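Peer 1: Read off the chains here:
2 protein chains.
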Amino acid sequence: MAEHVPAPRFPNRLGPLVGGSQALGLACVIITGVWMGHFRGGFSWDGSLLEFNVHPLCMVLGLVFLYGDAILVFRVFRHDSKRAVKILHAVLHCTALVISIVGFVAVFHFHAKASIPDMYSLHSWCGMVTFLLYLVQWLMGLGFFLFPCIMAQMRSWYLPLHVFFGLALLAMAIASCLLGITEKLLFAIKPTYSKFAPEGILANSLGLLLVCFGVLVGYIVTQKEFKRPPNSEEEALSVHFKMLTGMEGISSP
Amino acid sequence: MAEHVPAPRFPNRLGPLVGGSQALGLACVIITGVWMGHFRGGFSWDGSLLEFNVHPLCMVLGLVFLYGDAILVFRVFRHDSKRAVKILHAVLHCTALVISIVGFVAVFHFHAKASIPDMYSLHSWCGMVTFLLYLVQWLMGLGFFLFPCIMAQMRSWYLPLHVFFGLALLAMAIASCLLGITEKLLFAIKPTYSKFAPEGILANSLGLLLVCFGVLVGYIVTQKEFKRPPNSEEEALSVHFKMLTGMEGISSP
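Quick mapping for you: the protein sequence lines, in order, are chains D and U. Just so you know, full-length UniProt numbering puts 189 at position 189 of the first sequence, and the rest follows in order with no gaps. Just so you know, full-length UniProt numbering puts 127 at position 127 of the second sequence, and the rest follows in order with no gaps.
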């Protein structure tokens, strides 16, 4: 008689929470599209104000939604091979990086054409610091976790830093978006903003939804009950590593 | 011969990191004071723009610096009695709450006198949501952790939520400050902001320092190596609790 193997357990609350995060993230991308597409005249790549409109859409899609999802894959695909999930994490971060570079090019290109000074506002400072630290985190993640030649001890030293700064940079990306929303509204609709113009209410709501997305991703990632269970292959490696070095095994991100 | 009792270990890196957080927090309060006191004309309580100036100072002092310190006490006073540290945590949060209420009254009073509409901007929405959630967190913390009649199981259920939302609300408070900085600069010095006016550079730097403070507090609180070690009294209680209920003991915040 075949031995009974229980199906891997998927925490009850995780499904609805991840579903909620996806609904929030998609809502943020759609609302940004509607704001720029409907209220701000649409998109183009001709150096006009319509090129600027590419910037918010790319940043919300790349540095918030895809970035958040790249973090979540370790919780969602909890019973798949670690290697496959790492590759998915890297692919999502690659896409996020490319989209956010397009977003950066759009705003600098528009500024150059319209002779608007760069990098004077708090939004630009926070956004640039976040983007540069994201690049550093991206390159260090690639170096430490995708190349097999890196020693397990170095990975286990770097892992808590990678996890902490991953979440901190998501929070900074969202804060930069909120600053961008405020800047755009005060430039574009200052006289009607204080009269609760529909565009202002839409953009404010976008801000709160971005915060909700960040809080939900942060909650899912930090709660012990949702941590990725070590699978048999990782357990074996960890025990082998402990025997060889006398150290604690590498925990899952 | 008396038995040798080793001195409790204080992690090497914790001292400099906590020192750094205090330097950053104090710098934020001082820079806010200089910005409002020197560049914006000072403080008063007469419904004028000088009354508004009380608002940023109170929010940075109360909802950022004192709030952050209230979180840190569990790491800093790691070998003192849990009860004493809890009381210090509560006293700091009481002070933070009173100061932030003064900050809220200042801005609403100024708006009423100057007939400026309330609650239309993203800054006001984020700030109000943060403050109301802080009140809920404050009352729930008081109820669950300071009253001895609450059952240990309920405390251990609520603790991870209290810790997570404590950090999430600090991040939201800092994001609200960044939005306030951007709003104030675009109202007060829009023509010279893009010419890198000293006031704009000072306020932008304040924004980055607030982010650094939040990141450092978050780092200290979330790293395993800085977690509060259970003392003998807590260990005994935890073992007793496990024997009674068959549950895991209550972990430290």
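FYI, nobody ran anything at the bench for these hints, they're computed from the structure. Hints are supplied without guarantee of correctness; some may be wrong.
What the hints assert, rightly or not - List of simulated lysine-lysine pairs, DSS-like, C-alpha gap at most 27 Å: (1) Lys227/U x Lys86/U; (2) Lys190/D x Lys86/U; (3) Lys86/U x Lys184/D; (4) Lys113/U x Lys190/D.
As the list claims (entries may be wrong) - Pair by pair, the computed Cβ-Cβ distance ranges are: (5) Ala152/U x His38/D: 34 to 42 Å; (6) Pro160/U x Leu159/D: 38 to 46 Å; (7) Glu225/D x Phe43/U: 43 to 51 Å; (8) Phe77/D x Leu159/U: 53 to 61 Å; (9) Lys224/D x Lys86/U: 18 to 26 Å; (10) Pro191/U x Leu202/D: 47 to 55 Å; (11) Leu142/D x Phe108/U: 43 to 51 Å; (12) Lys86/U x Asn12/D: 47 to 55 Å; (13) Met154/D x Phe43/U: 30 to 38 Å; (14) Gly19/U x Leu142/D: 30 to 38 Å; (15) Leu132/D x Asp46/U: 29 to 37 Å.
Being a predicted model, the structure only gives us computed values, none of them experimental. A virtual CB, placed ideally from N, CA and C, is assigned to each residue, including glycine.
Peer 1: Is the distance from the Cβ of Lys86/U to the Cβ of Asn12/D consistent with 47 to 55 Å?
Peer 2: 32 Å, violated
Peer 1: Would you say the C-beta atoms of Ala152/U and His38/D sit inside 34 to 42 Å of each other?
Peer 2: 54 Å, violated
Peer 1: Hint check: Lys86/U vs Lys184/D, CA-CA at most 27 Å. Holds or violated?
Peer 2: 43 Å, violated
Peer 1: Look at the Cβ atoms of Met154/D and Phe43/U and judge whether their distance stays inside 30 to 38 Å.
Peer 2: About 52 Å separates the Cβ atoms of Met154/D and Phe43/U, which means 30 to 38 Å is violated.
Peer 1: Is the hinted range of 43 to 51 Å satisfied by the C-beta distance from Leu142/D to Phe108/U?
Peer 2: Taking Cβ atoms as reference, Leu142/D and Phe108/U lie about 50 Å apart, which means the hint holds.
Peer 1: Is Lys190/D within 27 Å of Lys86/U, Cα to Cα?
Peer 2: Given that 27 Å is the threshold and the Cα spacing comes to 46 Å, the pair is violated.
Peer 1: State, for the Cβ atoms of Phe77/D and Leu159/U, whether the hinted interval 53 to 61 Å holds or is violated.
Peer 2: 29 Å, violated
Peer 1: Holds or violated: Lys113/U with Lys190/D, Cα cutoff 27 Å?
Peer 2: Answer holds: Lys113/U to Lys190/D is near 21 Å, not above 27 Å.
Peer 1: Between Lys227/U and Lys86/U, is the straight-line Cα distance small enough, at 27 Å or below?
Peer 2: 15 Å, holds
Peer 1: Per the hint of 43 to 51 Å, is the separation of the Cβ atoms of Glu225/D and Phe43/U within bounds?
Peer 2: For Phe43/U against Glu225/D, whose Cβ atoms are near 48 Å apart, the range 43 to 51 Å holds.
Peer 1: Regarding Gly19/U and Leu142/D, is the given constraint of 30 to 38 Å on their beta-carbon distance met?
Peer 2: 33 Å, holds
Peer 1: Taking 38 to 46 Å as the stated bounds, is the beta-carbon spacing between Pro160/U and Leu159/D within them?
Peer 2: With a Cβ separation near 21 Å, Pro160/U and Leu159/D fall outside 38 to 46 Å, so the hint is violated.
Of the numbered hints listed earlier, those contradicted by the structure are 2, 3, 5, 6, 8, 10, 12, 13, 15.
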